[in-house]
Amino acid sequence: MTGMSNQSEGWERQYDLASTRPEIDQAVSEILEACTDQGYEESATFAIRLSLEEAMANAMMHGNAGDESKRIRLSCRIDGKQICLEIQDEGPGFDPDTVPDPTADENLTIASGRGLALIKAFMTRVEIPRPGNQLKLIFERV
Amino acid sequence: MTKMLQVDEVGGVIEVGFLEKNILDESNIQQVGEELNAAVEGKPTPQLILDFGNVEHLSSAALGILITMNNRVKDVGGKMCLANIRPQIFEIFKITKLDRIFTVHETAKAAREDLN
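Chains A and B, in that order, are what the protein sequence lines are.
Take numbering that gives the first Met the number 0: the final residue in the first sequence is number 141, and no numbers are missing along the way.
Take numbering that gives the first Met the number 0: the final residue in the second sequence is number 115, and no numbers are missing along the way.
If you're looking for bench data, these hints aren't it; they were derived computationally from the structure.
There's no promise every hint is true.
[What the hints assert, rightly or not] Computed list of lysine-lysine pairs in DSS-like fashion (alpha-carbon distance at most 27 Å, straight line): (1) A:119 <-> B:2; (2) B:108 <-> A:119; (3) B:20 <-> B:2; (4) B:93 <-> B:20; (5) B:108 <-> B:96; (6) A:135 <-> B:2; (7) B:93 <-> A:119; (8) A:69 <-> A:80.
Using the sequences plus the hints, can you model the full thing?
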C-alpha cells in the first residue's frame with residue numbers, strides 16, 4: 000500500500016501489489032469493506048467484487064504472465080456518487096477491439112475469454128487507455 | 000488441501016455441491032476442475048447435477064471449468080444439469096449467454112427428475 004486517506008466525504012486508497020493472491024485478496028477485501036462503509040448496497044458490492052476479481056486475475060495471469068515479481072498498481076476512490084477503480088499491470092497491454100465476443104454462437108463453448116465482458120456488464124463505464132495495460136472502472140450509484 | 004466439492008452418487012446420478020461460497024481464485028478453480036474430473040472418471044455416460052445453493056460469488060474462470068465439464072459430459076452422451084443458482088449468479092450466466100448451453104433447473108429436485 001502506498002497511500003491512503005479516509006475523509007468524511009469519501010474513501011481513497013492506492014496499492015502497489017505483488018502478483019500474488021494474499022496481497023490481492025487483502026486489497027479486494029479492504030475495498031469491499033469500504034464500499035459497504037460508504038453506504039453502497041449489496042448489489043453494488045457484488046458488482047465491484049466480480050469486476051475487481053476479474054480485472055486483478057487478468058492483470059496477474061495475462062498482463063504480468065504469472066510472474067509474481069511483477070507489480071499491480073490498484074487505486075480506488077469512493078464517494079457518494081461513484082466508485083472508481085484503476086488497475087495497471089506491467090504487461091505490454093492488449094487491444095480490447097481484438098477480444099472475441101464470448102457471446103457469439105461460435106464462442107459459447109470456449110472455456111475462456113469472458114472476464115472483460117462481465118466487467119463491462121457490471122460497471123457503468125470501462126476505459127482501457129493505450130497501450131492497454133490499465134483498466135479504469137467506474138460504477139455510478141443509481 | 001480443503002475439499003471444494005461434496006460428491007454423492009444417488010441412483011446413478013452424480014450430485015455435486017460446492018463447499019465454498021466463493022469460486023474465485025485460481026487454485027480453488029483448478030481444484031474444482033480436478034474434483035469434477037475425478038467425480039465423472041470411469042462413468043461411460045455421466046449424469047451430473049451441480050447444486051449452486053451455497054455459491055455466492057463465481058468468476059469467469061470458474062465458468063470455464065463448467066463449460067469444459069459440460070463439453071466432456073455431452074461428448075460421451077451424458078448430461079449435466081445446474082441447479083439452485085441464486086439470481087445474482089444466474090445473471091452472470093445470462094450476460095454471457097451460457098444459460099443457452101447449460102441445462103438449468105430451479106431446484107436439485109427438478110434436475111433429478113430431468114435426469115431420471
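Here is how each hint holds up against the structure:
1. Only pairs whose Cα atoms come within 27 Å are accepted, and residue 119 of chain A paired with residue 2 of chain B is rejected, the gap being roughly 32 Å.
2. This hinted pair does not check out: residue 108 of chain B and residue 119 of chain A have alpha carbons roughly 34 Å apart, beyond 27 Å.
3. As the CA atoms of residue 20 of chain B and residue 2 of chain B are separated by approximately 12 Å, the hinted pair is consistent with the 27 Å bound.
4. For the hint pairing residue 93 of chain B with residue 20 of chain B, the CA-to-CA distance comes to about 20 Å; that is within 27 Å, so the pair holds.
5. Note on residue 108 of chain B and residue 96 of chain B: the hinted pairing holds, with a Cα-Cα distance of about 24 Å set against a maximum of 27 Å.
6. Between residue 135 of chain A and residue 2 of chain B, the direct Cα distance comes to roughly 36 Å. Violation of the 27 Å bound is thereby established for this hinted pair.
7. Between residue 93 of chain B and residue 119 of chain A the alpha-carbon distance is near 14 Å, which keeps this suggested pair within the 27 Å criterion.
8. Between residue 69 of chain A and residue 80 of chain A the alpha-carbon distance is near 33 Å, which puts this suggested pair outside the 27 Å criterion.
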